[in-house]
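Enquirer: If you're matching them up, the sequences are chains G and S in order. So the first sequence is numbered by the UniProt record's numbering: it starts at 1 and just counts up by one. So the second sequence is numbered by the UniProt record's numbering: it starts at 1 and just counts up by one.
Just so you know, the hints here were simulated from the structure itself, not pulled from any lab data. A portion of the hints provided could be inaccurate.
One copy or two, either will do: identical chains are not told apart, so a pair holds if it fits within one copy or between any two.
Said to hold, decoys possible - In the DSS-like style, the derived pairs of lysine-lysine whose C-alpha atoms are separated by at most 27 Å in a straight line are:
| hint | residue 1 | residue 2 |
| --- | --- | --- |
| 1 | Lys27 | Lys41 |
| 2 | Lys227 | Lys341 |
| 3 | Lys27 | Lys304 |
| 4 | Lys304 | Lys154 |
There are 2 protein chains.
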Amino acid sequence: MTNTITVGLLGLGTVGSGVIEILNDHKESIQHKTGCHVTIKTVLVHNVSKSRNLPTSTTQLTDRYQDITEDPEIDVVIEVMGGIDHTLTILLEAMEKGKHIVTANKDLIAQHGAQLFETSQRNSCDLYYEASVAGGTPIIRPILDGLSSDRISKMMGIVNGTTNYILTKMTREGVDFDTVLKEAQDLGFAEADPSADIDGLDAARKMTILSILGFSMPFNLEDVAVKGIRGLSLSDIKYANQLGYSIKLIGIADHNETGASVSVEPALLPVGHPLSSVHNEYNAVYVYGDAVGETMFYGPGAGKLPTATAVVSDLIAVIKNLRLGTSGSAYVQPQFPKHIKTRKDQLTKKYLRLHVMDQPGMLMELTKIFAQYGISFDQIIQRQADHNDERELMMVTHQVSEEDFDKAYNELEALPTIRSIDSVFRVEGGE
Amino acid sequence: MTNTITVGLLGLGTVGSGVIEILNDHKESIQHKTGCHVTIKTVLVHNVSKSRNLPTSTTQLTDRYQDITEDPEIDVVIEVMGGIDHTLTILLEAMEKGKHIVTANKDLIAQHGAQLFETSQRNSCDLYYEASVAGGTPIIRPILDGLSSDRISKMMGIVNGTTNYILTKMTREGVDFDTVLKEAQDLGFAEADPSADIDGLDAARKMTILSILGFSMPFNLEDVAVKGIRGLSLSDIKYANQLGYSIKLIGIADHNETGASVSVEPALLPVGHPLSSVHNEYNAVYVYGDAVGETMFYGPGAGKLPTATAVVSDLIAVIKNLRLGTSGSAYVQPQFPKHIKTRKDQLTKKYLRLHVMDQPGMLMELTKIFAQYGISFDQIIQRQADHNDERELMMVTHQVSEEDFDKAYNELEALPTIRSIDSVFRVEGGE
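Bound-form chain G, shown alone (with noise of 0.2 Å):
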């Protein structure tokens, strides 16, 4: 093998042009640690005639994949172009070809990783996807070897930035929803269409590799359940503060006997809980080992050098394994069969907040209905509503099936005392 190392690179938009950037700025330190030098020859871009930073004078850009694909003197593809099928279809003939691969595309890996994975290994290819989850936070290699040795029964991730932010943001300054939201899209820190940061789907595409890597099992992006912020109450926000939580959008995998259940939406924490501090646009997940316990691994889940670091990070052990001739060995599949759990067996506490008649009985009436599914409280916060004959409560349940609550919250639902059931909540973080 020669010694030097040649890329072709799919994209270069912010974190392209943050690759050629670390890539540049930490030549000697690549080679130390990998006796190797690298090149990009190859770049894939939409308008070749576009004027550009390039790394060296004899890069070359190209709107044909196939410049890529099909050149033998490429050992190594690094895709930052974002995008699906198209994608897709590059990356499969790259690995046809015997590249390897480094991606940064969690739609992709969250959607067709099992097909990735299937060619990568059928063609002794890498394929390394650090940067697919949480950014710049190493995350997916503490999961898959450091806890190598445990059995991992909860995972909870803030793995969305921008939902972060805003949540941050509508907690300490006492903003509402759509206020923070414009800000943030006035600042570039949320989307025109944020619909895919704040109805969930970015979090729940990296909540899917999680469990799968996590619980060993093959989930699909459909497996997860999701919620997202949308219109979020700050009065949730301030009571949740008064019974001494936080709300966070989390996404949550657990595993036990009875099977695995995932999902992304807000959820009350303890203010204690280390997910808690997590602010503004910062990333990190938590992790429960059977046996090491507690862990957490926080950092920033976007940006251009932080998710480059992560893509150059991932080349690196590329480079490492090709220098061993151990390509193609980091994948394990998948242990168990997917077992998803029953809306029996899912097991939380739920806070809720609805408005109701202010009459003797009320509270008693609505008590019982809980009580009938074995549903008692925590923790009860009653108040004035706004108006003279209503009063706002707040509940947070002791641990309850998702079964037990539909069924307490269809009948709830159906009571004349009852004016309004306005949120009702995961209660995590607890013992």
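Assemble the complex: chain G is given as a structure, and chain S must be docked to it using the hints.
Expert: Below, chain S alone, put in the same frame as chain G:
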């Protein structure tokens, strides 16, 4: 290669029995991940006649280490017996016989790392030591692999659980150092002789290891400036809180163009800093990379199963290397010569608490000394002291070089209006 990996275990204390427990408990998953079955053939103990729980009826006990180092059937030696000189001899002999090593021994790695690594490379042996820093928290691999494409400019670690437990208790319950230490000893969280913990030596060993890896320079334990928390005053914790800081025992390693410095010392951290919310016996390492920005790795710093998890995760890595034929390839020699910062180049903020005579012009006299060395203040609190003619002053400076601060401190000490300089701490984590 056969599908059985034969292990010799040095030590059958807490961590040793944890290793046996985890190997037993995770048999199938290890077999799935590595394609190998692990057997513990021989265990080195002090007293072979004591009755014990052994993994299998065929496991043999010995008090002669050569029964392990000279047994050609043994592939991997797991060292969880502690100790330095004798243990070094055993591990060196084991590697000369081609055996791979997994160790949890921070003292050994901090003091004899260079010799151990040289021997491992010469014999193409693996030498893994994830458990030596921060117990079950994966931190070595994230630094070596996850951030391999970044330049780490700063690491701050809460890497000693005992002292963090003591400081958490003092902060939360307002109890003084001696009382909490006694309590921690009664509960078994602190040793009968607590000096290695509370005087900072244990943390210094871990920071030595982290600095070698993070900065790729050959540091020794002697390069670490160590100050512990013995006798730390409750008053400082309270005042720090008023000023918006918590006090933690932190290992601080930083590195820029003027060189590197490594220390362990009690320091003030803003309450909003990620390390400030690391409580009780938990450990965390905060890593600042030029490109990635802030990351943090959090988890249990000690304990039977967490530490054993790290050991067995290392064992899995060793087995994978054995199967792939890539043993002995993980270690990279430090890239740079060691370059320690002079005190002139060490810039920090300082917190001081002092008792001064209550007389006109006192504060002017005092600040004049600081001004002389270009030291200005970020915050000052003055309060009535216990004696009527005294005032107590808490001051936080802006950035200052250690050299200038030393000079100002000496002049301060000579000042007749100053009754006592009670405490001086580093202030970290600001902009």
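Enquirer: Pop the pair Lys227 and Lys341 into one bin, within, between, both or neither, using alpha-carbon distances up to 27 Å.
Expert: Classified as within; 18 Å inside a copy, 52 Å across copies.
Enquirer: How would you label the pair Lys304, Lys154 (within, between, both, or neither) given a Cα cut-off of 27 Å?
Expert: Cα proximity of Lys304 and Lys154: across copies only (20 Å, versus 30 Å in one copy).
Enquirer: Could you figure out if Lys27 and Lys304 sit no more than 27 Å apart (CA to CA) within one copy, between two copies, both or neither?
Expert: Only inside one copy: Lys27 and Lys304 sit 18 Å apart there, 42 Å across copies, limit 27 Å.
Enquirer: At most 27 Å between CA atoms: does that hold for Lys27 and Lys41 within a copy, between copies, both, or neither?
Expert: within (15 Å within a copy, 46 Å between copies)
Every hint, counting from the list given before, is met by this structure.
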